[in-house]
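Undergrad: Single-letter residue listing:
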Amino acid sequence: MTALPSRSNIQTELKPARKPAAAMIEIDHVSQTFKTSGRQNHLALSDISLTIEDGAFVSILGPSGCGKSTLLYIVGGFVNPTQGLAKVRGKAITGPGPDRGPVFQEFALFPWKSVLGNVMYGPRQQGVRPAEAEAQSRALIEMVGLKGFEDFYPKELSGGMKQRVALARTLAYHPAVLLMDEPFGALDAHTRTRLQNDLLNIWERDRKTVLFVTHSVEEAVFLSDKVVMLTRSPGRIRQIVDIDLPRPRRRTELLLDPRYQKYLVDIERMFDDADENELRP
Amino acid sequence: MMTRALLARATPVLACLGLLAVWQAASLVLNNDSFPTAIEAIRAIPSILGDKEALINILASLRRMAIGFGVAVAMSIPLGLMMGRSRTVASFFNPLLMVIYPVPKAALMPIIMLWLGVGDIAKMLVIFLGVSLPVIYHSFAGAKAVEEKMLWSGAAMGLSSAQRMTRIVLPAALPEILTGCRTGLVLALITMITSEMIARQSGAGNILFNALDMGQYDTVFAMIIIVGAMGIGLDALFERMRARLVKWSEPQFDIPVSFS
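Residue numbers (my numbering), protein chains in the order written: chain A, 1 to 281; chain B, 1 to 260.
FYI, nobody ran anything at the bench for these hints, they're computed from the structure. Just to be clear, a hint being listed does not mean it is correct.
Said to hold, decoys possible - With a Cα cut of at most 20 angstroms, we get these calculated SDA-like pairs of lysine to any residue:
1. A:Lys155 x A:Gln105
2. A:Lys147 x A:Gly117
3. B:Lys149 x A:Gly95
4. B:Lys52 x B:Pro175
5. A:Lys113 x B:Arg242
6. A:Lys91 x A:Thr51
7. A:Lys113 x B:Pro175
8. A:Lys155 x B:Leu174
9. A:Lys262 x A:Asp273
10. A:Lys91 x A:Ala22
11. A:Lys35 x B:Arg87
12. B:Lys144 x B:Met82
13. A:Lys226 x A:Gln261
14. B:Lys247 x B:Pro175
15. B:Lys149 x A:Val79
16. A:Lys113 x B:Trp248
17. A:Lys87 x A:His29
18. A:Lys113 x B:Ala145
19. A:Lys155 x B:Ala243
20. A:Lys262 x A:Arg247
21. A:Lys91 x A:Asn80
22. A:Lys113 x B:Glu148
23. B:Lys149 x A:Gly159
24. A:Lys226 x A:Arg259
25. B:Lys149 x A:Glu268
26. A:Lys113 x B:Leu159
27. A:Lys113 x B:Val146
28. A:Lys113 x B:Ser249
29. A:Lys113 x B:Met241
30. A:Lys155 x B:Ala145
31. A:Lys262 x A:Ser216
32. A:Lys226 x A:Asp28
33. A:Lys155 x B:Glu250
34. B:Lys247 x A:Glu150
35. A:Lys226 x A:Ala186
36. A:Lys113 x A:Asp151
37. A:Lys226 x A:Arg269
38. B:Lys144 x B:Arg87
39. A:Lys155 x B:Met82
Turn these sequences into a full structure, and let the hints steer you where they fit.
TA: Here is the structure:
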């Protein structure tokens, strides 16, 4: 079942569903080059084609500098691809929009707004009445575990708390897709684990489509239905691994599960092989 | 604790008293006609402030300063913000500003007087020029430092580029902008006095330099105290407003609440 958020303007634009698991995001032969300070152009992404189904949790995994974040920015509409096309629900992406909500490693909260002000920002921008926006936002803040911190400024919060606010702020405007750009990359190991658990719990409720960028193999396997492995620069799709593990997932159970362990080992091996090939003269 | 808090509050007063004491001693030692003692200067203050003519002059100065400062801030903030967010705008205005920046604005006064006369407009223009540059530069720096991802977050919520400018870049750069305005306020006071020194007609600077011409040194020093007090007062007032507007960025909140 695909539960679409109740954003009527998007619903009406939707073409009649062809299949039960409709494509949410289609990336079609996308390449990205950047101008560098030298005269050469740097090829960050090379010919990426990928389809992400509605309701899927998909991770993009790769070494740093492989362009995985760039791919996410292209889907977000923040960066225009040099070649190729990305689509969301069959419509070409030409810029950012509230159907795709980003969560960045840097949090990017509005420091002049309180926690509540940050979370209410999106709904207010969408024209939701203040009282209603506030009620929804308070519920979201409670859901991400920050009840009691509504009036705090971002400056007064720890990194993990800031990322919880950022997640609530994005969920508040009901994006159809969550775009998470190494969201837990700046956090310590303990905080990271807690946020991964909480993210999965929140995600289990409505199963939004998630595109999750990470360089952590464990994080990708633990969270995802599908792991897209990219090669080192330029980023190409090396392999797509379907993670066939039961949900809801419990970390303590998974750690003992041989299937989980095998995924980790297989993926690590694939990266090792690739590294050896690249290092060979 | 109580005495320490009391002491902390009294320190600025003690500093002022110390300065006056040094002045008093220096003046007594040097014993120069053109260097009245602090007590003589302070005695001359009530007669200046009691004089209706002098009060009108000082108020006229403040009025010019307020208008010059206000117009400069209103124009410089948008320009600085646009420079900070657009490379084209920045590369157009930067060279212009680099030429104007080191020129003492009062040095332009004779030319401006030639064009606009010695009236209010010329003086307000000089104040405007003096205030503009620090406000432009600080707004520029503030807007440039705004995190790209913050703007992306806003764009994803559906903010147009104009809305991102007024509702993200402006508040995010506000601490920096207000630092520029504070510098601008002090410069407004300085250019106000210098403009009146060059184009003497009315104003606080006019009283000061007329007294100097007539050898009324106690009045000269009394005016210096009055102008200085105005500067301190305005700065303190501005600082209170600034602190209230950007309390979200003040460092006293630096220790974050901790749990993951």
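Undergrad: Each hint needs a verdict: does it hold in this structure or not?
TA: These are the hints, each one checked on the structure:
1. A:Lys155 x A:Gln105: Since the Cα atoms of lysine 155 of chain A and glutamine 105 of chain A sit roughly 16 angstroms apart, the hinted pair holds (cutoff 20 angstroms).
2. A:Lys147 x A:Gly117: Answer holds: lysine 147 of chain A to glycine 117 of chain A is near 14 angstroms, not above 20 angstroms.
3. B:Lys149 x A:Gly95: holds (14 angstroms)
4. B:Lys52 x B:Pro175: Distance of about 40 angstroms is beyond 20 angstroms: violated.
5. A:Lys113 x B:Arg242: The given pair, whose Cα atoms are some 16 angstroms apart, holds under the 20 angstroms limit.
6. A:Lys91 x A:Thr51: holds (13 angstroms)
7. A:Lys113 x B:Pro175: holds (14 angstroms)
8. A:Lys155 x B:Leu174: holds (16 angstroms)
9. A:Lys262 x A:Asp273: holds (16 angstroms)
10. A:Lys91 x A:Ala22: holds (13 angstroms)
11. A:Lys35 x B:Arg87: holds (16 angstroms)
12. B:Lys144 x B:Met82: Distance ~9 angstroms between lysine 144 of chain B and methionine 82 of chain B Cα, so the pair holds.
13. A:Lys226 x A:Gln261: Holds, at roughly 16 angstroms.
14. B:Lys247 x B:Pro175: Between lysine 247 of chain B and proline 175 of chain B the Cα gap is close to 9 angstroms, so the pair holds against 20 angstroms.
15. B:Lys149 x A:Val79: Satisfied, since the Cα-Cα distance of roughly 12 angstroms is no more than 20 angstroms.
16. A:Lys113 x B:Trp248: Status holds; Cα separation ~8 angstroms.
17. A:Lys87 x A:His29: Satisfied, since the Cα-Cα distance of roughly 11 angstroms is no more than 20 angstroms.
18. A:Lys113 x B:Ala145: holds (18 angstroms)
19. A:Lys155 x B:Ala243: The hint holds at about 16 angstroms.
20. A:Lys262 x A:Arg247: Given that 20 angstroms is the threshold and the Cα spacing comes to 17 angstroms, the pair holds.
21. A:Lys91 x A:Asn80: Roughly 15 angstroms between the alpha carbons, so the hint for lysine 91 of chain A and asparagine 80 of chain A holds.
22. A:Lys113 x B:Glu148: With Cα atoms ~17 angstroms apart, lysine 113 of chain A and glutamate 148 of chain B stay inside 20 angstroms; holds.
23. B:Lys149 x A:Gly159: holds (16 angstroms)
24. A:Lys226 x A:Arg259: holds (14 angstroms)
25. B:Lys149 x A:Glu268: violated (31 angstroms)
26. A:Lys113 x B:Leu159: Holds - the C-alpha atoms of leucine 159 of chain B and lysine 113 of chain A are around 16 angstroms apart, at most 20 angstroms.
27. A:Lys113 x B:Val146: holds (15 angstroms)
28. A:Lys113 x B:Ser249: holds (10 angstroms)
29. A:Lys113 x B:Met241: Holds: lysine 113 of chain A and methionine 241 of chain B sit about 18 angstroms apart, inside 20 angstroms.
30. A:Lys155 x B:Ala145: holds (17 angstroms)
31. A:Lys262 x A:Ser216: holds (15 angstroms)
32. A:Lys226 x A:Asp28: holds (18 angstroms)
33. A:Lys155 x B:Glu250: Since the Cα atoms of lysine 155 of chain A and glutamate 250 of chain B sit roughly 9 angstroms apart, the hinted pair holds (cutoff 20 angstroms).
34. B:Lys247 x A:Glu150: holds (17 angstroms)
35. A:Lys226 x A:Ala186: violated (23 angstroms)
36. A:Lys113 x A:Asp151: holds (9 angstroms)
37. A:Lys226 x A:Arg269: With a Cα-Cα distance of about 17 angstroms, the restraint between lysine 226 of chain A and arginine 269 of chain A holds, given a limit of 20 angstroms.
38. B:Lys144 x B:Arg87: holds (10 angstroms)
39. A:Lys155 x B:Met82: Between lysine 155 of chain A and methionine 82 of chain B the Cα gap is close to 27 angstroms, so the pair fails against 20 angstroms, i.e. violated.
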